[in-house]
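**Student:** The residues making up each chain are set out below.
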Amino acid sequence: MTLEAVPESLRGELSRWLIEVQPGVYVGNASALVRDLLWDKAVGHTRRGRCTQVYRASNEQGFVIRTHGDATRRVVSLDGYQLVAVRNARHAELAQEYDPPEDDDKL
Amino acid sequence: MTDPTSIPPTSNAIIWQRQNLRELPKFRDGTTYLYLDHTRLEQDGRGVRAYHPEGMVTIPAASLSVLLLGPGCSVSHEAVKALSDTGCSLLWVGEEGVRLYASGLGETRSAARLQRQALLWANPQSRLRVVRQMYAMRFPEGLPPDLTLQQIRGREGARVRDAYARYSRAHGVKWDTRQYKQQDWNRATPVNKAVSAGNACLYGLAHAAILSMGYSPALGFVHTGKMLSFVYDVADLYKLEVVLPVAFREAATPGDDLERRVRTGLRDHMTRLRLLERMAADLLHLLGGDDPDPEPMAPGDLWDPEGNAAGGVNHAGHDS
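Going down the list, the protein sequences come from chains A and B. When the letters of the first sequence are read in order and numbered with the numbering used here, they come out as residues 1 to 107. When the letters of the second sequence are read in order and numbered with the numbering used here, they come out as residues 1 to 320.
Everything labelled a hint here was simulated from the structure, so no lab data went into it. There's no promise every hint is true.
What the hints assert, rightly or not - Simulated restraints, written as ranges between beta carbons of each label pair:
#: 1; chain 1: A; residue 1: S31; chain 2: B; residue 2: N123; range: 21 to 31 Å
#: 2; chain 1: B; residue 1: T189; chain 2: A; residue 2: D40; range: 40 to 50 Å
#: 3; chain 1: B; residue 1: A102; chain 2: A; residue 2: S77; range: 21 to 31 Å
Even for Gly, the Cβ is constructed at its ideal location relative to N, Cα and C.
Okay, chain A solo, but in the shape it has when bound (with noise of 0.2 Å):
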């Protein structure tokens, strides 16, 4: 799990399950009922900060990603491949030139 510019509180009870291997970067091998309670507390903690969670499963990439609180970064599954989609200044301006079809602009 990673975390950026959360309280204080959230980084002290996320360090008594994982290991802070640099700041804001924990690893540990949890249970996976530990792990989802650690990311529901992440998530209802985070406040205007940012955290993600990548975890062991069983699918083809080996693991999944889950984010929260980055409106720039989210997490697209392309027909079950999990990869990050960045919405930046350049994706923008290259939006209007390749023009998206039209059920994709409800996303």
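Dock chain B against chain A, hints included.
**Tutor:** For chain B alone, coordinates are given in the frame of chain A:
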């Protein structure tokens, strides 16, 4: 004369060596496929970026086997170069990946396996042996050795018919006949669409396996005469086991987005079946080819009936 300002500043950039093919994950370890449409692919730094309607995504090209490019895609020259360096096969496909238009080059630089495939293909006896082996792989109980090719085809036909009937019963989806009419795609039955979408993925993957391992997609053993004959051969080995369960299951589920659901379901199913690993192993088993890769930059040999002569050497002294 020397202008001191022309001295280039000391650069801190990392000098990347030419891609070492050995450091790439082998085909069997990679992930299967990614389908993109209305996307613009560009190279950025050392990576490949895709400007997708959802946002900019970086493509994990080195671990990806096939990139399926649908309508509305444009690719820059540098992006194709980066993809080919990492051995990611590019396939240009129709909407929802149901038709295959064109393909790029795989990652092998040696022709040894292709030559062995051509030898096996050109000799009627060895070709028949490979054909029998391919059919035998589909019958776990084995095939009696005295069957003629016609009899084998009869059994294969019965096996295919039974499989369709079995899945039709299991999922409660009515099955009439396989429709291939690509012209009126929208009038095909849902299950036919599902099977076609699934087959397109499987063809793409078989194509990538063949190219990536250094064989030719055109020299088919069972199929013949098409540029993709060998792709159909390889795909047929797995089609019923891989595509039908997913296609019938998704066709039985109500809702839109049938083709997309088939592709998603297929990914999980292929992972469970360890399909990439099996394709690689089966191709080597059928056609052989475990020679060590030659030095990729070394010049190729020159053919001689007495045995190959070294290439990259001037043979002018030998004309007397």
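**Student:** Sort out which numbered hints this structure fails and list those numbers smallest first.
**Tutor:** 1
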